[in-house]
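What follows is each chain in one-letter form.
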Amino acid sequence: MKLSLLTKLRQQNPIVLNISNFVTVQDVANGINAIGGSPIMSEEIAETEAMVQMSRAVALNLGAFTEAQVAHIRKMGRLANEYGKPVILDPVAVGAVKYRLEVAQRLLTDFQVSVIRGNAGEIAALAEVDWAAKGIDAGEGSGDLVEIAKAAASRYHCVVILSGPTDVISDGKNVVKVENGTPLFQLHVGSGDMLSSIVGVFDAVADGDDFEAAQTACLVFAASGQLVAEELGAELPGTFSMKLMDKLHLVTEADIEKIAKFK
Amino acid sequence: MKLSLLTKLRQQNPIVLNISNFVTVQDVANGINAIGGSPIMSEEIAETEAMVQMSRAVALNLGAFTEAQVAHIRKMGRLANEYGKPVILDPVAVGAVKYRLEVAQRLLTDFQVSVIRGNAGEIAALAEVDWAAKGIDAGEGSGDLVEIAKAAASRYHCVVILSGPTDVISDGKNVVKVENGTPLFQLHVGSGDMLSSIVGVFDAVADGDDFEAAQTACLVFAASGQLVAEELGAELPGTFSMKLMDKLHLVTEADIEKIAKFK
Amino acid sequence: MKLSLLTKLRQQNPIVLNISNFVTVQDVANGINAIGGSPIMSEEIAETEAMVQMSRAVALNLGAFTEAQVAHIRKMGRLANEYGKPVILDPVAVGAVKYRLEVAQRLLTDFQVSVIRGNAGEIAALAEVDWAAKGIDAGEGSGDLVEIAKAAASRYHCVVILSGPTDVISDGKNVVKVENGTPLFQLHVGSGDMLSSIVGVFDAVADGDDFEAAQTACLVFAASGQLVAEELGAELPGTFSMKLMDKLHLVTEADIEKIAKFK
Numbered sequence: 346m347k348l349s350l351l352t353k354l355r356q357q358n359p360i361v362l363n364i365s366n367f368v369t370v371q372d373v374a375n376g377i378n379a380i381g382g383s384p385i386m387s388e389e390i391a392e393t394e395a396m397v398q399m400s401r402a403v404a405l406n407l408g409a410f411t412e413a414q415v416a417h418i419r420k421m422g423r424l425a426n427e428y429g430k431p432v433i434l435d436p437v438a439v440g441a442v443k444y445r446l447e448v449a450q451r452l453l454t455d456f457q458v459s460v461i462r463g464n465a466g467e468i469a470a471l472a473e474v475d476w477a478a479k480g481i482d483a484g485e486g487s488g489d490l491v492e493i494a495k496a497a498a499s500r501y502h503c504v505v506i507l508s509g510p511t512d513v514i515s516d517g518k519n520v521v522k523v524e525n526g527t528p529l530f531q532l533h534v535g536s537g538d539m540l541s542s543i544v545g546v547f548d549a550v551a552d553g554d555d556f557e558a559a560q561t562a563c564l565v566f567a568a569s570g571q572l573v574a575e576e577l578g579a580e581l582p583g584t585f586s587m588k589l590m591d592k593l594h595l596v597t598e599a600d601i602e603k604i605a606k607f608k
Numbered sequence: 346m347k348l349s350l351l352t353k354l355r356q357q358n359p360i361v362l363n364i365s366n367f368v369t370v371q372d373v374a375n376g377i378n379a380i381g382g383s384p385i386m387s388e389e390i391a392e393t394e395a396m397v398q399m400s401r402a403v404a405l406n407l408g409a410f411t412e413a414q415v416a417h418i419r420k421m422g423r424l425a426n427e428y429g430k431p432v433i434l435d436p437v438a439v440g441a442v443k444y445r446l447e448v449a450q451r452l453l454t455d456f457q458v459s460v461i462r463g464n465a466g467e468i469a470a471l472a473e474v475d476w477a478a479k480g481i482d483a484g485e486g487s488g489d490l491v492e493i494a495k496a497a498a499s500r501y502h503c504v505v506i507l508s509g510p511t512d513v514i515s516d517g518k519n520v521v522k523v524e525n526g527t528p529l530f531q532l533h534v535g536s537g538d539m540l541s542s543i544v545g546v547f548d549a550v551a552d553g554d555d556f557e558a559a560q561t562a563c564l565v566f567a568a569s570g571q572l573v574a575e576e577l578g579a580e581l582p583g584t585f586s587m588k589l590m591d592k593l594h595l596v597t598e599a600d601i602e603k604i605a606k607f608k
Numbered sequence: 346m347k348l349s350l351l352t353k354l355r356q357q358n359p360i361v362l363n364i365s366n367f368v369t370v371q372d373v374a375n376g377i378n379a380i381g382g383s384p385i386m387s388e389e390i391a392e393t394e395a396m397v398q399m400s401r402a403v404a405l406n407l408g409a410f411t412e413a414q415v416a417h418i419r420k421m422g423r424l425a426n427e428y429g430k431p432v433i434l435d436p437v438a439v440g441a442v443k444y445r446l447e448v449a450q451r452l453l454t455d456f457q458v459s460v461i462r463g464n465a466g467e468i469a470a471l472a473e474v475d476w477a478a479k480g481i482d483a484g485e486g487s488g489d490l491v492e493i494a495k496a497a498a499s500r501y502h503c504v505v506i507l508s509g510p511t512d513v514i515s516d517g518k519n520v521v522k523v524e525n526g527t528p529l530f531q532l533h534v535g536s537g538d539m540l541s542s543i544v545g546v547f548d549a550v551a552d553g554d555d556f557e558a559a560q561t562a563c564l565v566f567a568a569s570g571q572l573v574a575e576e577l578g579a580e581l582p583g584t585f586s587m588k589l590m591d592k593l594h595l596v597t598e599a600d601i602e603k604i605a606k607f608k
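Line by line, the protein sequences give chains A, S and P. Residues in the first sequence are numbered consecutively from 346, following my numbering. Residues in the second sequence are numbered consecutively from 346, following my numbering. Residues in the third sequence are numbered consecutively from 346, following my numbering.
So that you can see chain A by itself, here it is in the shape it has in the complex (with noise of 0.2 Å):
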């Protein structure tokens, strides 16, 4: 865990380039801004080279695509590998949607990713683990979290991030489990999406050490969450959203390191 990650990017205010989900788009970009990096969003393929040339990392979001982003998205995968910037992707809905699955399946063979992000249904449905998942959430299953993580970072060689209560980090050897958080995250719909991009923030500054920066994103936003549903004291999803982009901009890593809790 490299909590001085969070220094550095404030420092540094990398750009991070998105596919976004729309649904959740402006939320992700104030998140980005709020922690300390620069977002960016393009819909236009034409675009695509300047933009990846411009940032110095690539979150791909699959919440809402159309067969013409896939192509955009690819392009800009393929690109980013081309250029060296690290790529963070969050299969939305793959658990619940076989037409995502095969997808995000697919766009995993066009370029390599540095890390996943998803939910124990999303991340169970790439490992091809059974794991029963229900719409957008999580889904009830039974398997082994671990494991299942595991065997995704090893099935796409990249780190993997299944979100939780626990968040499981995974670079398919090594194991490490972010245990802060808040239930309010799972209230408010673009949580999951917002950790995706910031991981790229993390990442745009992590030397190439992708492990450290999904461990210390999932940290950093864990406890930033955790931190404000403490001030709350009430299960309030609108106040949550708003306090929680105030604390990632204000959030400090004695703040983070007083509660941190993971092995």
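Mixed in with the good hints, there may be bad ones.
To be verified - Cβ pair distances, simulated, as ranges:
id, chain 1, residue 1, chain 2, residue 2, range
1, A, Gln450, P, Glu412, 26 to 34 Å
2, A, Ala391, P, Asp489, 28 to 36 Å
3, A, Ala413, S, Ala579, 41 to 49 Å
4, P, Gln457, A, Glu575, 54 to 62 Å
5, S, Glu447, A, Gln450, 36 to 44 Å
6, A, Lys420, S, Ser349, 48 to 56 Å
7, S, Gly429, P, Leu577, 46 to 54 Å
8, A, Glu575, S, Ile604, 30 to 38 Å
9, A, Pro528, S, Ile604, 25 to 33 Å
10, S, Ala579, A, Glu575, 22 to 30 Å
To be verified - The calculated EDC-like cross-link candidates involving lysine to aspartate or glutamate, where the alpha carbons are at most 20 Å apart (straight line), are:
id, chain 1, residue 1, chain 2, residue 2
11, P, Lys347, P, Asp600
12, P, Lys443, A, Glu392
13, P, Lys443, A, Glu389
14, S, Lys443, P, Glu392
15, S, Lys443, P, Glu394
16, A, Lys420, P, Glu412
17, P, Lys420, S, Glu412
18, A, Lys443, S, Glu389
19, A, Lys443, S, Glu394
20, S, Lys420, A, Glu412
21, P, Lys518, P, Glu473
22, A, Lys443, S, Glu392
23, A, Lys347, A, Asp554
24, P, Lys443, A, Glu394
25, S, Lys443, P, Glu389
Hints were generated in silico from the structure; no laboratory data involved. Heads up, the beta-carbon is just placed ideally off N, CA and C, and yes, glycines get one too.
Assemble chains S and P onto chain A, guided by the hints.
For chains S and P alone, kept in the frame of chain A given last:
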């Protein structure tokens, strides 16, 4: 009025599939989530059938559609009919733009809707009653709101919600008026879109009783807004929209019963 | 500076038609609403003429356009010229991406704009002055902001707003500088887009005086943000964006006069 639907939907957490207005989609998703449903949005026609199958209601918003999206909406409406899922239609701005009215009317012959929710100008246009509409707002006209709602409901064989300071809900024969609410709803752009999708959440657990679902959704939504406005005591549109999410999540049947005004 | 435009627009509630950046569209719509206008957004070229006719100003945001959207923007700009509606252009990221600069320059020969609003990097690019731009931010360059704004205004025969800690507004000959504001605007992704559309609201009621409309919109927006920041007393980007909506709705001419700093 069947307030127990609120408890029921929170127990069942039904998935509602949405064709969304990109202007308000994030608020709509968070609103569905806050009240106790599970939102899913789709932009890709290839995944429509899988999405309809896993959903318990479908909410179709015509807020900012393109020609391509109309084909998607049509397919989704027909599949919802085939699989017996309730369909909510929000005919945004059909009172102001002739092109939109024509598209909406064509769609209403392509599949059967369960509930239409719009403002007076929109419902009057669908009912082909003269009414001066202006932009996205309701306009000011002199028609009898009850007659307009009944006419539209009879014409399209569905339940109609005519939203306004008083919501008028009709199945063509019977009429219920919900008199709760607050002018702050008008100051927040996504209010109507959010209500339409929340009607979908209620209809998902109403065992086919669209009329009860529509009334109850209107009462819960209007009363929640009124409670927030009373707590605020000032016309604060930003704070209102945030606290509305909090209230939708926490409001109880008892809270609503205390202030319910309908007949 | 004509602060009475604020009262006038609240009386008239003009419709402003927007081509929106999907990243910030909800905030922009709510901002137009909060200040006292009536927002309408469109994605479908078939309804462009009806939309332009019913609107009193048109705000064109190039934030995340696609090739298809460029044709839509062109048609909307030409129709706005034909019907005599003021046109505001927000050339997002033209300072950073050459493709975007080329598209914006082509559009600027296709129709006449009333006001261009951008940051220093964007306006410099349009004026073809060398300026180091970075991502969506203004970049840091050494050009003289006043000369850049004047050059762009002369070149495109329109009013130019060069936004920053000081807003520089020029019609090519005259220059006004608005010195109100707060660094919190930079922390909220939609601030510039919101200002551009709010310029449209002011221009809708300015009887053709684009220069007065531009100045006054900048002053009202910057002063509103400053008032919120002073009330907050801390760097809270989430809370700021919520309270900015409240302030845009409630701010009075007198509130602004008290702190107005321009020359």
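Structure-based check of all given hints:
Take glutamine 450(A) and glutamate 412(P): their Cβ atoms lie about 29 Å apart, and the range 26 to 34 Å holds. For alanine 391(A) and aspartate 489(P), the hinted distance range of 28 to 36 Å is satisfied, since their beta carbons lie about 33 Å from each other. About 46 Å separates the C-beta atoms of alanine 413(A) and alanine 579(S), a value consistent with the hinted range of 41 to 49 Å. A hinted range of 54 to 62 Å for the beta carbons of glutamine 457(P) and glutamate 575(A) is consistent with their spacing of about 56 Å.
Between glutamate 447(S) and glutamine 450(A) the Cβ separation comes to about 41 Å, which falls inside the hinted range of 36 to 44 Å. Taken as a hint, the range 48 to 56 Å holds for the pair lysine 420(A) and serine 349(S), whose Cβ atoms sit roughly 52 Å apart. For the pair glycine 429(S) and leucine 577(P), the supplied restraint of 46 to 54 Å holds, since their beta-carbon distance comes to about 51 Å. Our hint of 30 to 38 Å for glutamate 575(A) and isoleucine 604(S) holds, since their Cβ atoms are close to 32 Å apart.
In this structure the supplied range 25 to 33 Å holds for proline 528(A) paired with isoleucine 604(S), their Cβ-Cβ distance being about 29 Å. Between alanine 579(S) and glutamate 575(A), the C-beta spacing of about 28 Å keeps the proposed range 22 to 30 Å intact. Of the pairs offered as hints, the one joining lysine 347(P) and aspartate 600(P) holds, with about 14 Å between alpha carbons and a cut-off of 20 Å not exceeded. The straight-line distance between the Cα atoms of lysine 443(P) and glutamate 392(A) is roughly 8 Å, inside the 20 Å bound, and the hint therefore holds.
Restraint check for lysine 443(P) and glutamate 389(A): the C-alpha separation of about 13 Å stays at or below 20 Å, so the hint holds. Restraint check for lysine 443(S) and glutamate 392(P): satisfied, since their Cα atoms lie roughly 8 Å apart, inside the 20 Å limit. A hinted pair counts as satisfied when its Cα atoms are at most 20 Å apart, and lysine 443(S) with glutamate 394(P) qualifies at roughly 11 Å. With a CA separation close to 17 Å, the supplied pair lysine 420(A) and glutamate 412(P) stays within the 20 Å bound.
In summary, the hint linking lysine 420(P) to glutamate 412(S) is supported, as the alpha carbons are separated by about 17 Å, within the 20 Å threshold. About 13 Å separates the Cα atoms of lysine 443(A) and glutamate 389(S), which keeps this hinted pair within 20 Å; it holds. Of the supplied pair hints, the one linking lysine 443(A) and glutamate 394(S) holds, its CA atoms being roughly 11 Å apart against a limit of 20 Å. For a cut-off of 20 Å, the pair hint linking lysine 420(S) to glutamate 412(A) stands: about 17 Å separates their Cα positions.
Between the alpha carbons of lysine 518(P) and glutamate 473(P) the distance comes to roughly 18 Å, so the proposed pair stays at or under 20 Å and holds. Pair hint lysine 443(A) plus glutamate 392(S) holds up; C-alpha atoms about 8 Å apart against a cutoff of 20 Å. For a cut-off of 20 Å, the pair hint linking lysine 347(A) to aspartate 554(A) stands: about 10 Å separates their Cα positions. Between lysine 443(P) and glutamate 394(A), the direct Cα distance comes to roughly 11 Å. Compliance with the 20 Å bound is thereby established for this hinted pair.
At roughly 13 Å between alpha-carbon atoms, lysine 443(S) and glutamate 389(P) fall within 20 Å of each other, so this suggested pair holds.
In summary, this structure violates none of the numbered hints.
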